[in-house]
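Keeping the supplied structure of chain H fixed, place chains F and R upon it in accordance with the hints.
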Amino acid sequence: MTTYVLVHGAWQYGESWDRVRPELETLGHEVHTPTAGGLRPGDSPDVSTDDACRPIIDYILDRDLRDFVLLGHSWGGVLIAKIAEALPDRVRRLVFQSAFVLLDGQTVLDNVPPFFPPALHANAADRGDGTVLLPFEIWRDGFMGDATLELAREVYDRLRPQPFRPFTEPVDLSKFAELPIPKSYLNATEDNGLLQGEWGWHPRMSNRLGYFRLVQMPGGHEVMYTRPKLLAEKIVEAGRD
Amino acid sequence: MTTYVLVHGAWQYGESWDRVRPELETLGHEVHTPTAGGLRPGDSPDVSTDDACRPIIDYILDRDLRDFVLLGHSWGGVLIAKIAEALPDRVRRLVFQSAFVLLDGQTVLDNVPPFFPPALHANAADRGDGTVLLPFEIWRDGFMGDATLELAREVYDRLRPQPFRPFTEPVDLSKFAELPIPKSYLNATEDNGLLQGEWGWHPRMSNRLGYFRLVQMPGGHEVMYTRPKLLAEKIVEAGRD
Amino acid sequence: MTTYVLVHGAWQYGESWDRVRPELETLGHEVHTPTAGGLRPGDSPDVSTDDACRPIIDYILDRDLRDFVLLGHSWGGVLIAKIAEALPDRVRRLVFQSAFVLLDGQTVLDNVPPFFPPALHANAADRGDGTVLLPFEIWRDGFMGDATLELAREVYDRLRPQPFRPFTEPVDLSKFAELPIPKSYLNATEDNGLLQGEWGWHPRMSNRLGYFRLVQMPGGHEVMYTRPKLLAEKIVEAGRD
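These protein sequence lines map, in sequence, to chains H, F and R.
The numbering of the first sequence is UniProt numbering, which starts it at 1 and goes up by one.
The numbering of the second sequence is UniProt numbering, which starts it at 1 and goes up by one.
The numbering of the third sequence is UniProt numbering, which starts it at 1 and goes up by one.
Chain H with its partners taken away, still in its complex shape:
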């Protein structure tokens, strides 16, 4: 039995794992899915990356979770890197699922194709409340291209406004590269959220992990909705010793 702490991506929250959790539990594992700061109902969107990590760190400490696999999806990759810096002795393995791996001092927006930052800045200015949203067309084709239109819309309609500050502020990862925690990268081969190649998740960001285990599966960026059973199996492959 392994304990998994699953950290969602931008616009998402703990319940985003609702289709995957029972699959992992059926395989005999214990699953935790805390929500990042800024994404819980009632949270202020004016959060730093550290603020976003805080409720997850508190969740882990409150329950005294130890020896767990810490998985981050997408933006969640930034969070698990910071959480691992804060709690290095509690993490058995890090799994980055189609996730950002930032270099020390970079921002999230440093790592996305060049058309994204101006579009997101314009959206943030329009909204004026410190959050951003993605247009449905981007979500549908880039993030959920493997879903039916109905499922893509259903998930899209339940997304929450994403705090913009954690996309634009540099992240201090000065300790991350030295952490002696084993790492895996779980890549979905049809994920076109950042396009593939020059700006892709893998191997561009994955290779920043140093030496790591590579696990791949068919599917897009949101396989927790489109292939939850297969994702659970691949999480186990990525997370086991």
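In short, the hints are calculated from the structure, not lab data.
Keep in mind that a hint or two might mislead.
Which residues of chain H face chain R? A partial, calculated answer using Cβ under 7 Å [to be verified]: (1) E30; (2) S44; (3) L214; (4) Q216.
Listed below are the simulated DSBU-like cross-link pairs for lysine-lysine, each with C-alpha atoms no more than 35 Å apart in a straight line [unchecked claim]: (5) H/K229 <-> H/K183; (6) H/K229 <-> F/K175; (7) R/K175 <-> F/K229; (8) R/K229 <-> H/K183; (9) H/K229 <-> R/K229; (10) R/K229 <-> R/K183; (11) F/K183 <-> F/K229; (12) F/K183 <-> H/K229; (13) R/K183 <-> F/K229.
The beta carbon of each residue, even a glycine, is placed where N, CA and C say it ideally should be.
Leaving out everything else, chains F and R in the frame of chain H:
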């Protein structure tokens, strides 16, 4: 029910889709497979890219097809880009299947590995009738590496001489990049026709589409012969809203 | 019926194919799995690349094998290139399975990610007997990331010390590029032994073959242990005419 207009690649013609059409029809769709100018029996090989598009545009206009998915395979990617420029309001989505995506003003030969252009020019000079053929060894290993030798030969023996002018003349795509038509790229992961990486179909040419849906499947360049049923399913994934 | 000569990678030996041989034989083929010089019990580790090839060439000549498919895995890619130079008329097709394809005059260490050479040199200095070993963590995550921990350990425990000289001495491949032997590359898509992308097996080293057939399969670097049945099928796809 979706209407599909499938545009074949070089050396091929409407009947090249004969194994895929019934699979798509079984899935409930309407399928059209016109042949490009220069490839129909009796056509002069002395055609421009516009001449190659003409019979397909006429086919669409004659039947007043509207709201269709326009798919181009290989060289057919050049043709569907031009056809979309000519009939932008009729195309619901463009699907590039292991297809050329040219930059405005480029030629097809600008986009193939460096050993191809001299070999094709030499072949054109040898043949002296304005057409080119591929050696069987190239076809077998690069284009149909996933087929049995028998199937690769059977398909090769039915190829038609390809007009060479549309490979060597620059293509005006000055309007293509601005078309607001959604786009998908369907990539077969063992296609080694142009080698992969530096000269590959995906992500090199696919990323020129701007933001797009990525669909992948196992197989080589000619999956219409080697995996017609799976290809039909993937065409639907690539072509749906 | 095809005759296959399978050449193992570094740290391995003829018996490394024990799970694959019966699968290929069941498919109707004849299989030979000689061991390279320096890897047989009692061999001196002080061998050149030519010395490593010698027992395999002798094996082929002793049995007068002709018209066979010659496959090399990993470091075995270096060996089959040299063996093909020595016996060009006997080889029907070359298959490189997640294998090194060196440029003329390069060393193996020229072709691995930058952190490997200093680590291997340090290990060689430590051992002091002309051989190197990999740390288990590298083997487990990079080479057998698709295996259970138990299988990864079981295989690791049976590895043999690898002669270091063939990694550090330049290999003369001045004749290889001109050999008119058809070539295939068999790539396992989760092989992270050299990381993927900048230092990966495919397309970086595969594309040095010139034009070739690409066959891919899921799995890591050691699919002869993790997926022997599928590997046998893919060897046949890669090796057939």
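Against the structure, the hints come out as follows:
no., hint, verdict
1, E30, "violated, 19 Å"
2, S44, "violated, 39 Å"
3, L214, "holds, 4 Å"
4, Q216, "holds, 5 Å"
5, H/K229 <-> H/K183, "holds, 22 Å"
6, H/K229 <-> F/K175, "violated, 44 Å"
7, R/K175 <-> F/K229, "violated, 44 Å"
8, R/K229 <-> H/K183, "holds, 29 Å"
9, H/K229 <-> R/K229, "holds, 25 Å"
10, R/K229 <-> R/K183, "holds, 22 Å"
11, F/K183 <-> F/K229, "holds, 22 Å"
12, F/K183 <-> H/K229, "holds, 29 Å"
13, R/K183 <-> F/K229, "holds, 29 Å"
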